[in-house]
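J.: Protein sequences appear in the order of chains X and U. Heads up: take any position in the first sequence, counting from 1, add 109, and you land on our numbering. Heads up: take any position in the second sequence, counting from 1, add 109, and you land on our numbering.
Keep in mind that the hints were calculated from the coordinates and are not lab data. A few of these clues could be false.
[What the hints assert, rightly or not] Taking lysine-lysine and the DSBU-like style, the derived pairs with C-alpha atoms no more than 30 Å apart in a straight line are:
(1) X:215 to U:190
(2) X:190 to U:133
(3) X:190 to U:130
(4) U:133 to X:256
(5) X:129 to U:256
(6) U:190 to X:256
(7) X:190 to X:130
(8) X:213 to U:129
(9) X:256 to U:179
(10) U:215 to U:190
(11) U:190 to X:112
(12) X:179 to U:256
(13) U:179 to X:133
(14) U:241 to X:256
(15) U:112 to X:215
(16) X:130 to U:241
(17) U:133 to X:179
(18) U:241 to X:179
(19) X:229 to U:241
(20) U:112 to X:129
(21) U:133 to X:112
(22) X:125 to U:125
(23) X:125 to U:213
(24) X:190 to U:179
(25) X:179 to U:190
(26) U:207 to X:190
(27) X:256 to U:130
Number of protein chains: 2
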Amino acid sequence: MIKHYYSYEEFREDLKALTKKIDKPFDTIMGISRGGLSMAQMFGEYYDIRKVYAINSIGYDDTRKLDEVKIFNIPDLSETKAVLIVDDIVDSGDTMVKILDILKAKYPNVMLYTASIFYKKSAKIAPDWFVKEPLCWIEFFWTVDLKEENE
Amino acid sequence: MIKHYYSYEEFREDLKALTKKIDKPFDTIMGISRGGLSMAQMFGEYYDIRKVYAINSIGYDDTRKLDEVKIFNIPDLSETKAVLIVDDIVDSGDTMVKILDILKAKYPNVMLYTASIFYKKSAKIAPDWFVKEPLCWIEFFWTVDLKEENE
Numbered sequence: 110m111i112k113h114y115y116s117y118e119e120f121r122e123d124l125k126a127l128t129k130k131i132d133k134p135f136d137t138i139m140g141i142s143r144g145g146l147s148m149a150q151m152f153g154e155y156y157d158i159r160k161v162y163a164i165n166s167i168g169y170d171d172t173r174k175l176d177e178v179k180i181f182n183i184p185d186l187s188e189t190k191a192v193l194i195v196d197d198i199v200d201s202g203d204t205m206v207k208i209l210d211i212l213k214a215k216y217p218n219v220m221l222y223t224a225s226i227f228y229k230k231s232a233k234i235a236p237d238w239f240v241k242e243p244l245c246w247i248e249f250f251w252t253v254d255l256k257e258e259n260e
Numbered sequence: 110m111i112k113h114y115y116s117y118e119e120f121r122e123d124l125k126a127l128t129k130k131i132d133k134p135f136d137t138i139m140g141i142s143r144g145g146l147s148m149a150q151m152f153g154e155y156y157d158i159r160k161v162y163a164i165n166s167i168g169y170d171d172t173r174k175l176d177e178v179k180i181f182n183i184p185d186l187s188e189t190k191a192v193l194i195v196d197d198i199v200d201s202g203d204t205m206v207k208i209l210d211i212l213k214a215k216y217p218n219v220m221l222y223t224a225s226i227f228y229k230k231s232a233k234i235a236p237d238w239f240v241k242e243p244l245c246w247i248e249f250f251w252t253v254d255l256k257e258e259n260e
């Protein structure tokens, strides 16, 4: 399969592009772990927000797709007005849909926004803001850069 | 003040160096938000661990030092045996000491390990593993790379 190596430099440019699109205020950032964590960190620095949290999902297991997406490690948003939920890619959309459902039920008064770098048109949900469509398999730098064969 | 721009390339090499030092098993990774989140993500990928969480602290406010470090967003470790707590820098050590105190009290049976890229010898605590000592002010790529003046 054709792979595209997604470098840190491309990531940085895409995050800059996202910051130019995001046009709503928020006071909390939630990165979907693991893919959204670097993004959450850099947005936290950029927007000067310290409430940068993780939320976890298990769905993909790289090769097989589990029947249901399981969400865990849900942060306390009781003092949050608006949260930006970030992920590297909205692929099937299963994870994002499930997270939004859970957060809406638990925190009906919190505004929920979503942003991702990549978004597949076939996904069940579109993020509020995204940068581009994946045209082939994306090999993210955070997945491969520490491995010996990539030295 | 002399500043050192800490690039993604240096970060990647330092994380590789850390993986060669870390010699204990763990099943959970906790990044101290915000500084430890990218590191937590990349270690999660490297060690194939999906339980990658954030824990938050407020202490530094860039210019002033608050009297006390406040820890919040503490993840549920009830199904964890050993956790690797990661941060970019152990500076005063206040944050790491406070986090260890809280986790030891709440989860006395969980093994707690700590790793950071930078460690100041004057800190109250040394992480189990670290890479180097900061010789001047470190300007981390995640802090400056999205800002316009750095384009």
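J.: All hints are to be evaluated individually against the structure, with a verdict given for each.
T.: To see whether the hints hold, each was checked on the structure:
1. X:215 to U:190: Between residue 215 of chain X and residue 190 of chain U the Cα gap is close to 29 Å, so the pair holds against 30 Å.
2. X:190 to U:133: violated, 40 Å
3. X:190 to U:130: violated, 42 Å
4. U:133 to X:256: Since the Cα atoms of residue 133 of chain U and residue 256 of chain X sit roughly 19 Å apart, the hinted pair holds (cutoff 30 Å).
5. X:129 to U:256: holds, 11 Å
6. U:190 to X:256: Roughly 25 Å between the alpha carbons, so the hint for residue 190 of chain U and residue 256 of chain X holds.
7. X:190 to X:130: With Cα atoms ~20 Å apart, residue 190 of chain X and residue 130 of chain X stay inside 30 Å; holds.
8. X:213 to U:129: Roughly 43 Å separates the two Cα atoms, so the pair is violated.
9. X:256 to U:179: violated, 35 Å
10. U:215 to U:190: Given pair residue 215 of chain U, residue 190 of chain U holds - Cα atoms ~13 Å apart, limit 30 Å.
11. U:190 to X:112: violated, 36 Å
12. X:179 to U:256: violated, 35 Å
13. U:179 to X:133: The given pair, whose Cα atoms are some 28 Å apart, holds under the 30 Å limit.
14. U:241 to X:256: Holds, at about 21 Å.
15. U:112 to X:215: Violated, at roughly 44 Å.
16. X:130 to U:241: violated, 38 Å
17. U:133 to X:179: holds, 28 Å
18. U:241 to X:179: Measuring from Cα to Cα gives roughly 38 Å; hence the hint is violated.
19. X:229 to U:241: Not satisfied, since the Cα-Cα distance of roughly 41 Å exceeds 30 Å.
20. U:112 to X:129: Distance ~28 Å between residue 112 of chain U and residue 129 of chain X Cα, so the pair holds.
21. U:133 to X:112: violated, 34 Å
22. X:125 to U:125: holds, 27 Å
23. X:125 to U:213: violated, 40 Å
24. X:190 to U:179: holds, 21 Å
25. X:179 to U:190: holds, 21 Å
26. U:207 to X:190: This hinted pair holds, its Cα atoms lying about 28 Å apart.
27. X:256 to U:130: Holds, at about 15 Å.
The structure fails to meet hints 2, 3, 8, 9, 11, 12, 15, 16, 18, 19, 21, 23 from the earlier list, while all remaining hints are met.
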